[in-house]
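*Asks:* So the chains spell out like this:
2 protein chains.
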Amino acid sequence: MTTLPKYPLQYGKEENLIRVIAAYAAKRAGEIGAENVFNFSIGNPNVPAPARLTDALHEILQTVPAAQLHSYSPAAGLPWVRKAVADDLNSRYGTDYTADDLYLTAGASGALAMAFHGLIFEGDEVIVFAPYYPEYRVYAESFGGKVVTIRCREEDFQIDPEALRAAVTEKTKIVVVNSPSNPAGSIFSEETIRAMADILREAEARYGHPIYILADEPYRALVYDEHVSLPFIPKLYDNTIYCYSYSKCVSLPGERMGYLLVPPQVEDHKDVYAALAGAGRILGLVCNSTLFQHLLPHCLDVTSDLGIYQTNRDLLLQTLTAQGYEMARPDGAFYLFLKAPDGDDLAFCERAKDFELIMVPGTCFGYPGYARLSYCVETETIRRALPAFEKLMETYR
Amino acid sequence: MTTLPKYPLQYGKEENLIRVIAAYAAKRAGEIGAENVFNFSIGNPNVPAPARLTDALHEILQTVPAAQLHSYSPAAGLPWVRKAVADDLNSRYGTDYTADDLYLTAGASGALAMAFHGLIFEGDEVIVFAPYYPEYRVYAESFGGKVVTIRCREEDFQIDPEALRAAVTEKTKIVVVNSPSNPAGSIFSEETIRAMADILREAEARYGHPIYILADEPYRALVYDEHVSLPFIPKLYDNTIYCYSYSKCVSLPGERMGYLLVPPQVEDHKDVYAALAGAGRILGLVCNSTLFQHLLPHCLDVTSDLGIYQTNRDLLLQTLTAQGYEMARPDGAFYLFLKAPDGDDLAFCERAKDFELIMVPGTCFGYPGYARLSYCVETETIRRALPAFEKLMETYR
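First to last, the sequence lines map onto chains H and U. Just so we're aligned, residue 0 is where the first sequence starts under numbering that gives the first Met the number 0, counting upward by one. Just so we're aligned, residue 0 is where the second sequence starts under numbering that gives the first Met the number 0, counting upward by one.
Since the hints were derived computationally from the structure, they do not count as laboratory data. From the three backbone atoms N, C-alpha and C, an ideal C-beta is built for every residue, glycine too. Each hint should be verified, as a subset may be incorrect.
[Claimed, not checked] Okay, derived cross-link-like pairs now, DSBU-like style, lysine-lysine, Cα gap no bigger than 35 Å in a straight line:
no., chain 1, residue 1, chain 2, residue 2
1, U, Lys234, H, Lys5
2, U, Lys5, U, Lys26
3, U, Lys269, H, Lys145
4, U, Lys26, H, Lys82
5, H, Lys5, U, Lys12
6, U, Lys145, H, Lys12
[What the hints assert, rightly or not] Taking beta-carbon pairs under 8 Å as the criterion, some of the chain H residues facing chain U (in silico):
no., residue
7, Asn43
8, Leu163
9, Tyr206
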């Protein structure tokens, strides 16, 4: 019998509930037809990639010689592509980033794994706000960190700054901020971020070492109301490590276009960048697809037709509220976090299956009592699903 | 001052000699023109990708709907693509692999990182044969392993089985076999592998736990002499974990098409596969580019025009031997491991620069006294470089 390391074995064997649910949805689709299963379990963008991008892909393949196009790039990514990203950020936010502050990654997942591995020293604490993307725990624990969870307030899914103040200790190394968030679709206001930043700066001074905000923002382009503003965290807090992915906004999630930004304002910037790059080396992330590195600059000023998500959100928000459901206000992303009428999310998701509604229990995101509904589906699917939600609610009356 | 974890910082800051050399070559090309610099430092295939593959890429983009083509795949890769790889291996080697034994990775680097992280328990020993690909040490040490080095015999760059017997201890977990090898281009004979397997099976019985051969074979398709046979290690030793990449044989290294194979013959197969998959999850390797997953089945029975490498090898082998150089016999890959005439590889590579010859010292590969020459360049470049090698040798006479 071999001795295998703890976390790889644990996380490889773990019954992944989201995967079990996806498998059920696929099986059910085989039994009664995909059109009769209302599968709200998957966060895969359904809106096609912009034609400008698919055209650009063809053009790149036709104009760049294959030997150059498909060759190895530097591990951090092609310098001119990194410069294009830096220039884009600078024009949006008035920052002063250069290609050397950026590292092109295999989606936001690659960026997150690098950040966790490059920053966590054995025993460091990582603060996450529930509900949270479950992989944060996988990365944090596997690299020797301890996860400390703070529940978002149920009334508005914002953070109570005092809860953060109480949770920070001498061992706090990272605070993960995912806004717009998966699974709640909530956006942390500038006021909230400023309050957090004040608390963390105080703690940094008290303990004499940096505390990093790890800003994970793959849903940044998906904000639905004009009056909701999305602060750019690196401008409000110096020690911010920033992770981004183009997967959601241009509907190319399988092509793994993301980046990690270490702003020059980060303390010991060169060491921190080096540690993150070293982590990338250790993780085997030699470079992302060079073809899609070439495509990346074309993604900077274009998105898929995100209006479809807005339509879906509005339809669900209005109709489900009218049906008597309560939910977190979905300001962004393409998720709706629906309250289980009797507070039991596992039973709620089970019962929903009787009406062919597939959702993911909030328990998966460290926030029991709610269920995640991904509305990156055809609007028509939502229209047809609404009576099923009505029937589901009836069973609770 | 922040406390950063040891290995990410070390491996991120490390003066990477190969990178320094590449930077020198680029600088020199700017000064005197690229055609006047004989850059033998880079292992980037220069032969174009087969037209069949670039055609297939166009066809995939035109026929598979974008939303499907670019969507997330399962973490292990699309099942039908994994099945195609399994079927190909089965037809080549008479094996019984299934899609569930395979995991599509971001090149061989992704596969290696997963294997090291998924297998190494703190304190385990990893045996490598020098000269060796330097990233083995990065992966092994970072995940808590200790690297034990065995020097290949200088006369034939094979392993002395008795040296392996002496190096194996109760803590040995992995033996890395890279054949054809980077940087020596040598191939371990079936006889050598059989002798190794016997020694390792004995050790497994003695110590009561598996010892894995980690077979890293990205150069498998690059073998130059018909009489040289390349054993398929999983057929000779049950506890073999197999890493492959299509980068070199189809000249698409930037597109990161690789896989990890855990044959069903591996002890505790399910646990080992789970630990490796869990490692992939921890490393943030969610999936490889889905476009290139679609292309992968087209790569199974085609290679670039490898005859160019054969021409290059023959030309170098004959001429440099006639000039008085000694070298490891390059049976495969596209590297030639050249002996420094006076045994000082660092000085040899420095002096070579006077003749615009750029090579990588064997010291980088744990084997001082030699220099690596990558011959994945235009044959014409080699022809023009040969007089420079003659002049370099003259300085040693």
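*Asks:* If you test the structure against every hint from before, which numbers come out violated?
*Replies:* 8, 9
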